[in-house]
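Using the UniProt record's numbering, you'd call the opening residue of the sequence shown number 1 and step up by one each time.
Treat the hints with care, since some could be wrong.
[As the list claims (entries may be wrong)] DSBU-like, lysine-lysine: derived pairs with alpha carbons at most 35 Å apart:
1. Lys181 / Lys126
2. Lys51 / Lys181
3. Lys126 / Lys51
Since the hints were derived computationally from the structure, they do not count as laboratory data. Remember, predicted model here, so these are calculated numbers, not experimental data.
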Amino acid sequence: MLAQLRQQAILERVRRTGGVRVAELVRDLGVSDMTIRRDLEALADRGLVEKVHGGATIVGAGSTEEPGFTAKSARQQAEKEAIARHAARLVRPGSSVALSAGTTTWTFAHHLADVPELTVITNSLKVADVFHRAGRPDQTVVLVGGVRTPSDALVGPVAVAAIRSMNVDMLILGVHGMSVKAGFTTPNLLEAETDRELVGAAQRLVVLADHTKWGTIGISTIARLEQADVVVSDTGLSGEARAALSEHVGELVLADPGADEREAPAP
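When you get a sec, could you build the whole thing from the sequences and use the hints?
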């Protein structure tokens, strides 16, 4: 396939799904990793896509623009993994945990596969699938119903009604953005309503948000900063953001994305 045709195919996929991964393009288009990266560089130079770690996404998200799961999963992968690893330490065997939808909560879910006797409530198809694949007989997973969003969340009146009758020890909440004025936000109105119900059902609120979420504002507020018992972010968070969060939330935890590499034993 000629470079021009290949780049057009890549651009169409980005516009359709919100983002692409290099590995998927290598597999689907049958070319090398280097070729795909050159294609993405060419598209980015023309302002048609935004390059991110491991792939590319659409350009210029607004307060109501919601990237698909593939687009979001290509962003800040190291940060999300570090955040998930730290947050998993907060979950005790035998507890009930609600997980909202999102790529950070999906990453977090993989760290709970070995925690015994958990009861998990989620409105995320992707999160529920993680536990289904793990197949622990001592874990109970409840997937609420609802209308599916671009980020694979189930939202709306059906989800709200199901969550309203539940009480859980902890909610692990993924967010689109956070700021002092707007709090924790999402670009999806129905998802905000469903997430607010999850907040109300939980004894403790833990928010997972990498440093790029600071200053980003979605159209609808899920919760005020003061409602968070714990925010787990990463060391890329600016000093200003650290100060603001430390002032407003119960506890701020910063995960170091480079810790795994430094702690890894020499071969």
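Here is what the structure says about each hint:
no.: 1; hint: Lys181 / Lys126; result: 31 Å, holds
no.: 2; hint: Lys51 / Lys181; result: 29 Å, holds
no.: 3; hint: Lys126 / Lys51; result: 24 Å, holds
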